[in-house]
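Participant: What follows is the residue order along each chain.
Number of protein chains: 2
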Amino acid sequence: MTHTSVTGNEKSSLKPTTARGEATRQKLLSAAEEAFGNTGFFRASISDITRGAGVAQGTFYLYFKNKEDVLAELVRHMGRELRRMLAHSIPPGLSRLDAEREGMAAFIRFVAERRNLYRVVQESLFVDEQIYKDYYMDFARGYISALEKSVEKYEIRDGDLDVWVWVLMGTAHFLGLRYGLWQNEGLNDAELDAVMDFIRNGIAIRSSDTP
Amino acid sequence: MTHTSVTGNEKSSLKPTTARGEATRQKLLSAAEEAFGNTGFFRASISDITRGAGVAQGTFYLYFKNKEDVLAELVRHMGRELRRMLAHSIPPGLSRLDAEREGMAAFIRFVAERRNLYRVVQESLFVDEQIYKDYYMDFARGYISALEKSVEKYEIRDGDLDVWVWVLMGTAHFLGLRYGLWQNEGLNDAELDAVMDFIRNGIAIRSSDTP
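Top to bottom, those sequences are chains A and B. First residue of the first sequence: 1, per our numbering; consecutive thereafter. First residue of the second sequence: 1, per our numbering; consecutive thereafter.
The set of hints was computed from the structure by calculation and includes no laboratory data. All figures in this text were calculated on a predicted structure; none of them were measured in a lab. Errors might be hidden in some of the hints.
[As the list claims (entries may be wrong)] Partial chain A-side listing against chain B, Cβ under 10 Å, derived: (1) Tyr61; (2) Ile156; (3) His173; (4) Ile205.
Ideal Cβ positions, reconstructed from N, Cα and C, are used throughout, including at glycine.
Please take these sequences and the hints and turn them into a complete structure.
Facilitator: Now the structure itself:
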């Protein structure tokens, strides 16, 4: 189902049929990622992108309809890269809480390393809200079904997984800002312990803490 | 301390000295909030703002240096409004967890009601990252000192409050997106219970859930 919809009609950018065409399209995407990340979507021009890619300006229109079309493709690209990175960082068979820990640390490193791509996703909210919304709604769907499996395996308790997923994504997002984008070192082990401690136990006072 | 720095030199927009001047400045700020919120900072022009405020275009420059200056002032304004709203929504003497619950619900209603102002804050990241960073860093400082007081009163356990505050802000932010901006009804009681249940207990399996 998901695959059908991803490869369906929404994918509006023009697919090249040759390897050389695909290479040019990739160069344009990389150049757009850099231009949008550095100066922002609105300040970057199509000629900034073609100059960055080392191609003539007209070449752009063989692959994309307009700037918005490149942006939409970059946001989808970020979604795929993030999923691939997470799948790679989280060894199969890990319990849910260990998987959350690995995923959180990996996400924050990813934000620090791919800051341009990350900013492009965030800016899409101001270019076309639907692109941004689809990005998070799609991610949430996959996340919920992963948590459902963990509930079935009694790795976590049951609850309103939809709400939880937005809590977890918001957590990752803001820690990504703070420890990925602004303090470029990621989370250290103690900080990651604190996050997981929060996710595991919440902030309610425990009996051992009572005076 | 906080007050000194807020009223200090960073406040770069030009302060009118008469009540009439202040009224005009407020009209310009409201018009900018609407213009930026509706079409985005980059697409909105200064003449959109003066037209919305019903003043001549030159009047703008009596109060603001440029579009960026209005944006910075709107972000500070959002910070003040949010603090005032939260102070009003959270009765004094509430325990920390009840205060978190009231604050979370109030924040999501606020995002739904003040969507333009909220979008302006988010877009500031792409206009001047420092404005955006200051907004969250300032908010985090106040939040941390509120949590410190709750730790002293044994209302919550001790921990890495800095990390926790970014978890809590990220949670509020994403729930604000999902349940404030996109599904304009806010959180219902059951959803709010789920959030608080998460914050209170975390997602770890509890002994009562073991098979």
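Participant: Hint by hint, note whether the structure agrees.
Facilitator: Quick rundown of the hints versus the structure:
The restraint placing tyrosine 61 of chain A at the interface with chain B is violated, with a minimum CB-CB distance near 23 Å, outside the 10 Å limit. A distance limit of 10 Å between C-beta atoms decides the matter here; for isoleucine 156 of chain A the minimum to chain B is near 5 Å, and the interface restraint holds. A cut of 10 Å between beta carbons decides the hint on histidine 173 of chain A: the least distance to chain B is about 5 Å, and the hint holds. The closest approach between the C-beta of isoleucine 205 of chain A and any C-beta of chain B is roughly 5 Å, which is under the 10 Å cut-off, so the hint is satisfied.
Hint compliance for this structure: hint 1 alone is broken.
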